[in-house]
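Enquirer: Going down the list, the sequences are from chains S and R.
First residue of the first sequence: 1, per the working numbering; consecutive thereafter.
First residue of the second sequence: 1, per the working numbering; consecutive thereafter.
Read the hints as simulated data drawn from the structure, not as lab findings.
Don't take every hint at face value.
As the list claims (entries may be wrong) - To spell it out: a stretch of chain S is covered by chain R in this simulated footprint if at least three of its residues, at any positions, have a beta carbon under 8 Å from a beta carbon of chain R; those stretches are:
id, stretch
1, 141 to 152
2, 206 to 219
3, 251 to 260
Bear in mind that the values here come from a model prediction, so they are computed numbers and not experimental data.
Backbone N, C-alpha and C define an ideal beta-carbon position, used for all residues, glycine too.
There are 2 protein chains.
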Amino acid sequence: MSVLVDDQKLLNFIQSVFETFGLSQNTARICADNLVMADLRGIPSHGVARLKRYTDGMKNGVIFPLHNPKVVQQTASTATVDANDGLGQVAGHFATRLVVEKAKNTGVGIVTVRNSNHYGIAGYYSNMILQQGLLGISMTNSAPLVVPTFGKEMILGTNPISLAAPTLQNRPFFLDMATSVVPRGKLEVYDREEKSLPQGWAVDDKGKVTTDPGQVLHNMLNRIGGGILPLGGEGELYSGYKGYGMALLVDILCGVLSGGAYADLINAPKNTKPAPARVSHFFMALKIETFVEKKIFQTKLDDLINRLKNSAKAEGEDRIFIHGEKEYERRDHYMKEGIPLQNKVYQTLESIAAERSVQMNIKKSAHD
Amino acid sequence: MSVLVDDQKLLNFIQSVFETFGLSQNTARICADNLVMADLRGIPSHGVARLKRYTDGMKNGVIFPLHNPKVVQQTASTATVDANDGLGQVAGHFATRLVVEKAKNTGVGIVTVRNSNHYGIAGYYSNMILQQGLLGISMTNSAPLVVPTFGKEMILGTNPISLAAPTLQNRPFFLDMATSVVPRGKLEVYDREEKSLPQGWAVDDKGKVTTDPGQVLHNMLNRIGGGILPLGGEGELYSGYKGYGMALLVDILCGVLSGGAYADLINAPKNTKPAPARVSHFFMALKIETFVEKKIFQTKLDDLINRLKNSAKAEGEDRIFIHGEKEYERRDHYMKEGIPLQNKVYQTLESIAAERSVQMNIKKSAHD
Numbered sequence: 001m002s003v004l005v006d007d008q009k010l011l012n013f014i015q016s017v018f019e020t021f022g023l024s025q026n027t028a029r030i031c032a033d034n035l036v037m038a039d040l041r042g043i044p045s046h047g048v049a050r051l052k053r054y055t056d057g058m059k060n061g062v063i064f065p066l067h068n069p070k071v072v073q074q075t076a077s078t079a080t081v082d083a084n085d086g087l088g089q090v091a092g093h094f095a096t097r098l099v100v101e102k103a104k105n106t107g108v109g110i111v112t113v114r115n116s117n118h119y120g121i122a123g124y125y126s127n128m129i130l131q132q133g134l135l136g137i138s139m140t141n142s143a144p145l146v147v148p149t150f151g152k153e154m155i156l157g158t159n160p161i162s163l164a165a166p167t168l169q170n171r172p173f174f175l176d177m178a179t180s181v182v183p184r185g186k187l188e189v190y191d192r193e194e195k196s197l198p199q200g201w202a203v204d205d206k207g208k209v210t211t212d213p214g215q216v217l218h219n220m221l222n223r224i225g226g227g228i229l230p231l232g233g234e235g236e237l238y239s240g241y242k243g244y245g246m247a248l249l250v251d252i253l254c255g256v257l258s259g260g261a262y263a264d265l266i267n268a269p270k271n272t273k274p275a276p277a278r279v280s281h282f283f284m285a286l287k288i289e290t291f292v293e294k295k296i297f298q299t300k301l302d303d304l305i306n307r308l309k310n311s312a313k314a315e316g317e318d319r320i321f322i323h324g325e326k327e328y329e330r331r332d333h334y335m336k337e338g339i340p341l342q343n344k345v346y347q348t349l350e351s352i353a354a355e356r357s358v359q360m361n362i363k364k365s366a367h368d
Numbered sequence: 001m002s003v004l005v006d007d008q009k010l011l012n013f014i015q016s017v018f019e020t021f022g023l024s025q026n027t028a029r030i031c032a033d034n035l036v037m038a039d040l041r042g043i044p045s046h047g048v049a050r051l052k053r054y055t056d057g058m059k060n061g062v063i064f065p066l067h068n069p070k071v072v073q074q075t076a077s078t079a080t081v082d083a084n085d086g087l088g089q090v091a092g093h094f095a096t097r098l099v100v101e102k103a104k105n106t107g108v109g110i111v112t113v114r115n116s117n118h119y120g121i122a123g124y125y126s127n128m129i130l131q132q133g134l135l136g137i138s139m140t141n142s143a144p145l146v147v148p149t150f151g152k153e154m155i156l157g158t159n160p161i162s163l164a165a166p167t168l169q170n171r172p173f174f175l176d177m178a179t180s181v182v183p184r185g186k187l188e189v190y191d192r193e194e195k196s197l198p199q200g201w202a203v204d205d206k207g208k209v210t211t212d213p214g215q216v217l218h219n220m221l222n223r224i225g226g227g228i229l230p231l232g233g234e235g236e237l238y239s240g241y242k243g244y245g246m247a248l249l250v251d252i253l254c255g256v257l258s259g260g261a262y263a264d265l266i267n268a269p270k271n272t273k274p275a276p277a278r279v280s281h282f283f284m285a286l287k288i289e290t291f292v293e294k295k296i297f298q299t300k301l302d303d304l305i306n307r308l309k310n311s312a313k314a315e316g317e318d319r320i321f322i323h324g325e326k327e328y329e330r331r332d333h334y335m336k337e338g339i340p341l342q343n344k345v346y347q348t349l350e351s352i353a354a355e356r357s358v359q360m361n362i363k364k365s366a367h368d
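Could you build all of it, start to finish, from the sequences and the hints given here?
Expert: Laid out in structure tokens, this is it:
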């Protein structure tokens with residue numbers, strides 16, 4: 001069961017909620033835009049369903065909404081930013097503007113961020129870079145949910161990677177992927193629907209593959225053992241160590257390079273009360289014409305996309321997708337028809353509206 | 001059946017073979033070192049077993065051994081290099097020295113290369129960057145062997161990614177991975193041993209998963225349809241579109257950004273005679289102290305490694321590996337005991353020695 005909401009009304013409402021924590025209109029807008037973009041792209045796990053975790057975080061000393069990010073070290077092309085336990089979206093936006101400026105000036109910008117919080121979808125920032133005409137990369141480490149190959153402790157996050165690159169004819173290439181085989185949200189869906197997990201998504205407290213989503217989620221929540229597998233699955237047969245390697249690549253470029261937190265230092269279980277999450281990010285922007293005429297780049301990328309899309313399909317399939325394509329189409333549809341919010345999410349927003357004394361008028365109407 | 005050979009003797013022999021094509025001692029040494037390093041690390045598919053493909057390539061107009069790479073465009077931090085259809089190792093070495101120089105000067109270096117040939121293992125170059133005290137990344141596109149999700153044509157290469165990063169206490173982190181679930185060499189091993197493929201490695205001419213390695217190899221060779229699956233396997237259940245996305249990320253940063261060839265333009269089947277392979281590469285070097293004190297980086301990376309290694313093991317496993325670890329141990333062993341070369345490979349080297357009138361004395365003896 002879901003409620004259809006209007007993306008612009010939703011944006012205004014979420015902005016108003018963030019403003020009640022003392023954020024400026026501009027800054028609150030950034031945070032709202034980040035969450036609504038996730039819903040529009042069909043990634044509800046990172047959308048407004050997460051608002052309560054942000055508002056709770058701001059109330060409980062996990063996130064300090066008025067702490068501003070600061071550059072602690074920089075060169076013409078690089079910077080290290082300390083987010084000072086502020087909002088991940090604020091630090092991410094700050095770092096992305098900085099990385100764009102550096103790339104425009106020198107051809108390349110690389111900015112790492114430490115002591116941040118959950119910054120929403122990685123693609124929000126690579127897309128911001130893309131909107132400036134540059135090639136954008138965004139990565140973040142995250143709360144530990146993933147076990148290493150041959151292990152059974154959750155040491156690594158789902159550590160996503162995003163790359164956005166401009167085209168002329170097609171919609172921009174827009175990759176935004178976790179380095180785990182699935183996100184936790186997928187296990188929750190299987191649990192709700194009482195379905196068995198596919199072999200190779202998750203391991204139990206012995207570190208062996210299990211198909212019981214309820215048990216895995218219980219074990220993960222209580223850190224009993226087991227968790228989600230890296231892309232490629234269990235052991236070495238399907239090269240799970242490659243997904244594990246990609247997760248480490250992200251953690252090294254984010255957590256280690258920023259001088260911040262990495263691995264399970266984030267949300268370490270010894271913290272009995274909520275403590276800052278200490279997430280780290282990595283952003284990179286490339287001014288394409290520094291390497292090759294931009295029109296050549298765009299034409300070649302279009303051709304690459306077309307060759308893939310026009311290539312022969314596997315039996316039973318009628319379409320080959322390019323990364324971002326499904327999400328662009330979903331966004332178009334949701335902007336026109338409204339975003340379907342689960343009833344439970346809608347009710348949570350209502351309770352936040354009441355608590356923060358903010359008017360909530362987000363339902364899609366015939367006039368929207 | 002195999003022959004034990006001495007790595008230093010092998011290096012000298014391979015160097016001598018390259019010298020017969022007019023390469024300088026220095027340049028021939030680089031090419032030899034690249035191949036022998038692969039054997040020492042236990043990646044024989046990219047080792048001296050490949051020498052014949054290089055010598056054939058140099059004889060047949062695929063590789064022009066005396067063509068030198070040239071910088072076609074550059075800034076303080078970036079460059080685009082045209083390899084002029086020369087040896088991939090020569091272009092790779094040239095670009096890596098350039099990227100190191102730029103990173104030392106400005107904090108970051110990024111160099112793309114077009115019109116190159118097979119450059120050996122990606123890790124050769126990230127390791128070169130590491131040896132200069134920097135964080136190194138190396139990627140390349142490659143001959144099309146991989147089908148996109150829902151497709152059945154080999155459009156993408158196995159497009160590897162390598163990252164090497166310095167530590168203090170442990171051996172350096174050294175990731176070097178293809179973005180496909182397995183390399184072609186793995187299918188060949190299963191074919192020789194008459195074993196069924198695991199479900200999810202490769203698809204047949206209908207684009208459906210097959211367990212018949214002989215059929216897949218035959219179809220791949222003749223481009224009948226089917227090929228290797230991206231990391232994550234078939235369809236969407238195990239997120240094969242993520243491996244497909246990583247392969248595209250590599251192709252965009254290598255082939256598209258360099259203004260070179262990408263996807264199946266490399267070795268396009270319409271070329272009835274051998275033609276230049278037109279491989280593209282991407283190199284990146286980061287001067288760590290530009291972001292954070294180097295000792296802090298190294299200490300944190302050591303800690304990350306230690307946390308992983310000391311974490312609880314899955315039932316039946318007694319060790320968690322870090323990327324590069326197995327290969328370092330194999331190198332130590334092979335340097336001491338000799339590298340086991342398959343008889344067939346040894347015989348091919350003998351025939352190359354005869355053809356090029358080069359002395360071959362590579363067997364490991366008690367004195368080595």
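Enquirer: Confirm or reject each hint.
Expert: Results of checking the hints against the structure:
1. 141 to 152: holds (count 6)
2. 206 to 219: holds (count 3)
3. 251 to 260: Since three or more residues must qualify, the claim that chain R covers the stretch 251 to 260 of chain S holds, with 7 doing so at under 8 Å.
The earlier numbered hints are all upheld by this structure, with none contradicted.
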